[in-house]
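For reference, the chains in residue letters:
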Amino acid sequence: MGILNLFYKSDSGVQRLPNGSLTVDPKGNLVATTISSSFPPEFLLSVGAQVLHLFRESRKAQLPLSEVHLHFGSLLLTAREMRGGAVVFIKPKDSFNVGSLN
Amino acid sequence: MTQETKLSRPKILLVDDNQALLDTFGELLGQLPSQPEIFTATSGTRALLLLKAETFRLLLCDLSMPKMDGLQLLAIVRRQFPELRTVVLTALEEEHFRSRAYALGVDMFWLKPDTQQNMETFLQCVESLLGRDTEGGFRGVQSKGLMDIIQMESLSQSSTVLRITRGSLVGRIWFQDGDLIDAETDGARGEAAFRQILGWKSGTFESLPPEPNRERTILKTVNGLLLETAQAIDEISAPADEHTPEANEQADHKKTVLRLSALTREGAEFVVSIPEKGSTDAEGWGTEKTKELGEWMGEAVESCQKLAQLLKAGPFSHLEAKAMDHRLVMLSHEVKHYLVGWPANTEVPKLKEETLKLVASWES
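If you read the protein sequences in the order shown, they are chains U and Z.
Under our numbering, the first sequence has 125 at position 5, and the numbering climbs by one with no breaks.
Under our numbering, the second sequence has 478 at position 126, and the numbering climbs by one with no breaks.
Same shape as in the complex, but just chain U (with noise of 0.2 Å):
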């Protein structure tokens, strides 16, 4: 049965896309999230950094914001204004994920 190990790989250097979502006060503090604890606070944090920075210039720009949809090649980021803070929905793109406003 060794020769089955011939075809076998490990998964172990894939690397999986962010799936779910995380919350942020206004300064930038993680409040709650459901992402897999393999991804690091750090990078959770400056998501939301980032994702505040889009309202936060948004508003200086007189168009504030309530929504946002961020399409990239292969994932969605959706994130709605809160009370200056902002929860995050990340989700992996298959076909048949399309991103709306709705």
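Hints listed in this document are in silico derivations from the structure and should not be mistaken for laboratory results.
One thing to keep in mind: the hints can contain errors.
Chain Z residues, not near chain U, derived (Cβ > 12 Å throughout) [unchecked claim]: (1) L456; (2) G457; (3) G539; (4) L577; (5) R679.
Lysine-lysine pairs mimicking BS3-like chemistry, simulated, CA-CA at most 25 Å apart [unchecked claim]: (6) U:K211 to Z:K658; (7) Z:K704 to U:K213; (8) U:K211 to Z:K704.
All figures in this text were calculated on a predicted structure; none of them were measured in a lab.
For glycine and all other residues, C-beta sits at the position ideal for the given N, C-alpha and C.
Model the placement of chain Z on the given structure of chain U, informed by the hints.
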């Protein structure tokens, strides 16, 4: 100094009842890069005599003067010398003086500079005003064409009467809650008058109090009418040489018409574009906040690119967003980033496709 240089030097008339102040400002203004010739007058009457004798580019006057005050002088100047640029330089800080001066169509209202920095800024503004004579545009909102001014009135849903003067020609355009309801020139009214006014390439304008009881003669939308008028002007313009400033102006004008046409046809509310690289200013149509939105786009693109790297999720494709009155789509096309604002009730599934369609027609 050659005769030619001397002839091209702009002339400034300084009016103030304080001789010491005239001397100081005269000396400072005389050192501006455009090397203006400075004339001074200590009263409004003397200023009017000088204005009749010489052709000035700019009048700088104080408000507090005996016999004829600055506001009276400006009212006469506006009527008799509509092409003259005017600046109020005063120590009167009350807001109503500022609004009265602007209502008379002054180009700039400046409190007498009290710091070195204020003085430098003031001198830069004066230099900028001296350089604007050869450019088109309507005074009151610098560097804006009449189309922009009309769009601004419409977008801000204001009720006002725009009084537009070009030399001896005078026209009025009535707005009620942002709707264009009537226009009038000598001998024309309604759409015909509006087209006539829009044909004037430069002049001055002032906002007069609204006249809500004015009879409505124009029923078309502002954008529709602007588009029609711009097309009509375009058709009757004689073809110009490709490399002349007139030809460039005509090409820009045509581009604006085509873009306004695409905007109206597709139902979008505004478009702002910034180049992918470089620091060229944002371009915008249908919005007063081009600069602010352009700056936000720059920040947003940077944030999205950082997120793409962070998430290792492939390249950033586009952004969709909800604002209070709009749905927004930001995407890249060729070498530019575009932000398109759609009405809040636009169908979402089509938003990206509609934006791509608009942007493609924009650049074609």
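For each hint, the structure was consulted:
no., hint, result
1, L456, "30 Å, holds"
2, G457, "28 Å, holds"
3, G539, "42 Å, holds"
4, L577, "27 Å, holds"
5, R679, "7 Å, violated"
6, U:K211 to Z:K658, "17 Å, holds"
7, Z:K704 to U:K213, "17 Å, holds"
8, U:K211 to Z:K704, "19 Å, holds"
The earlier numbered hint that this structure contradicts is number 5, and it is the only one.
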